[in-house]
Amino acid sequence: MFFLKAVQTNIKQFMQYRNSFLISIAIHPFILLVNIFLYRSIFAHNGTEEIKGYTLSEMIWYTAGITFVWIFIWNFAERRISDYIVTGDLSIHLLKPINIFWFELYSAVALRITGILLEFVPDLIIYSLIYPPDFLTALSLLKFVVVCIMSFCLFFLINYLIGMTAFALKSNSGLNEFVYISMNLLGGGLIPLDFYPAWLQRVCDFLPFKYIFYYPIQVFLNKDSVSSWGSWGEIVLAQLAWIIGGFVLCHLLWKVAIRKFCAVGG
Amino acid sequence: MTANITGLLKLYYWNMKLSVSRSMAYRFDFVIGVLTSILFSGTAPFLQYIFFTQTKGYPGWNLDQIMLFQGLLLLWLGLRQTLFGNVMNVAHGLVRKGDFDRLLVKPYPPLGVLLCSGFNLKGIGSLISGCVLTGYAFARLDLVPGPAEVLLALASFACSIVLYMGVMTLLCTMVIMLVQVGRLEELVERLLGFGDYPINIYPKLLQKLFLTVFPFAIWAYVPSQALLDRLGSDNATAAVGCFAVFAISVWIWNRSLNRYTSAGG
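Residue numbers (the numbering used here), protein chains in the order written: chain A, 1 to 266; chain B, 1 to 265.
If you are wondering where the hints come from, they were derived from the structure by calculation, not from laboratory data. Check each hint, because a few of them may be wrong.
Unchecked claim - In silico DSS-like pairs for lysine-lysine, Cα to Cα no more than 30 Å straight-line: (1) A:Lys96 to A:Lys260; (2) B:Lys56 to A:Lys223; (3) A:Lys223 to A:Lys96; (4) B:Lys204 to A:Lys52; (5) B:Lys208 to B:Lys106; (6) A:Lys170 to A:Lys260; (7) A:Lys170 to B:Lys17; (8) A:Lys12 to B:Lys97; (9) B:Lys122 to B:Lys56; (10) A:Lys52 to B:Lys56; (11) B:Lys122 to B:Lys106; (12) B:Lys17 to B:Lys122; (13) B:Lys122 to A:Lys170; (14) B:Lys56 to B:Lys208; (15) A:Lys223 to A:Lys170.
Note that the coordinates shown come from a computational prediction; the quantities given were computed from them, not determined experimentally.
Start from the sequences and build out the full structure, keeping to the hints where you can.
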């Protein structure tokens, strides 16, 4: 019931700021255009069909894929949790009949459903008109949606953990930015990880970030390395493992932190 | 006119002092913010490094030259955030609460007061990264530019400031007319982002546009070309374009101000 209400409220809010929504649809093609010019220039200068296993079309759509993944995963859980802790509003939430973790998760899901319907779908259509994706199939799109849902859960848990650091740090905006940069840099949120030197790729293997950006975009690009059901299943299982680990960590840390929580203000 | 400019510069100086005092009140947060900003500003040069080590890069640039371009770009981004980083926050705050009306009865032009309230110390992170990267590129290129090249680079930064003041003026005009501009700022940022790459990567028509009507090339491309001693005469149009954009935006601001009907309260 709460979930449906949250979705309804988010759609209403979105519609209230229709101009923002229209501008957001206008914004994204600019990113694509810059990347079309950039990669066309690089590929022409290199005089090659492929760079690091990526064709021109794949490189351009990799950057589009980054935008799509962001649309699927974006949420403010870290800011909301730290605000509750710093302002003392957490004490009010603790009195509510719904657990704060699920409350935040439902809110984030509601926010993303609106984003997917009103940003991802129009963006995919507009982008396809500008630069048709010759690699895309209905099945690869469906697989992409599934791994993106898992990415959303993983990103939500990371955000939730960052939010909880406010119990100790109070102001955690610096830490939040640090994680955001690391996630982009080491997760393939700027450029495919295949471009990195081997030692840096090895570092990325030990972090969950590549399961948020790199692998979902590989699935979107329908790359040979992930196109079989087996390799796709491996990605989903690895995502699931990170999600379970993150969930357990959130749960344990919450239990420790909440015992020491002292509300002031509110 | 001269008295107005002197007064506005004094006002800017006072706002700057206040902004520094405010930042120093939360020193730890400020230091973390600057460190994060330095780290964040390193991502674009890192990307360029990857492009130029894993591929042949773009036509007309090698790795050291592109590092000079990135260094100057970071310097510019830091400079603009330091000088005008707060303008939009102030404009939004004033218009939404109805406080903008107070500016209309002050002895200085309201646009001048808004532009003078933009100082933001957080831009210092990009400025530091820009200085370090530019110095590194100078050393790698073994570059000793003559006084003329340095003057040209400084002049292009001065023109960049004029252009950015024009962009800020247009955004402030939108704020006083529409009150809630939503993601318009993001749209403008995306457009300005075309200037974050050497214009050689764009088709000829866009190259012309970025050196005339939308002279975004002025903030990194032109100064880097000047320091590399390969500035063409066609780049002079970019400087003219900056002043034209500023003049047009001030004209639009004045027309919009006449139609301003107040908001907030």
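Now the hints, each set against the structure:
A threshold of 30 Å between alpha carbons decides the hint, and for Lys96 of chain A with Lys260 of chain A the separation of about 20 Å falls inside it, so the pair holds. Restraint check for Lys56 of chain B and Lys223 of chain A: the C-alpha separation of about 24 Å stays at or below 30 Å, so the hint holds. For the hint pairing Lys223 of chain A with Lys96 of chain A, the CA-to-CA distance comes to about 46 Å; that exceeds 30 Å, so the pair is violated. With a C-alpha separation of about 28 Å, the suggested pairing of Lys204 of chain B with Lys52 of chain A holds against the 30 Å cut-off.
Using a Cα cut-off of 30 Å, the hinted pair Lys208 of chain B and Lys106 of chain B is violated, with the two alpha carbons roughly 41 Å apart. A hinted pair counts as satisfied when its Cα atoms are at most 30 Å apart, and Lys170 of chain A with Lys260 of chain A qualifies at roughly 14 Å. This hinted pair checks out: Lys170 of chain A and Lys17 of chain B have alpha carbons roughly 27 Å apart, not beyond 30 Å. For the hint pairing Lys12 of chain A with Lys97 of chain B, the CA-to-CA distance comes to about 25 Å; that is within 30 Å, so the pair holds.
The suggested pairing of Lys122 of chain B with Lys56 of chain B is violated, with an alpha-carbon distance near 35 Å, which exceeds 30 Å. Restraint check for Lys52 of chain A and Lys56 of chain B: satisfied, since their Cα atoms lie roughly 12 Å apart, inside the 30 Å limit. A C-alpha spacing of about 29 Å is found between Lys122 of chain B and Lys106 of chain B, which places the hinted pair at or below 30 Å, so the restraint holds. In summary, the hint linking Lys17 of chain B to Lys122 of chain B is supported, as the alpha carbons are separated by about 14 Å, within the 30 Å threshold.
At most 30 Å may separate the alpha-carbon atoms for a hinted pair to count; Lys122 of chain B and Lys170 of chain A meet this at roughly 20 Å. With a C-alpha separation of about 25 Å, the suggested pair Lys56 of chain B and Lys208 of chain B falls inside the 30 Å cut-off, and the hint holds. At roughly 43 Å between alpha-carbon atoms, Lys223 of chain A and Lys170 of chain A are farther apart than 30 Å, so this suggested pair is violated.
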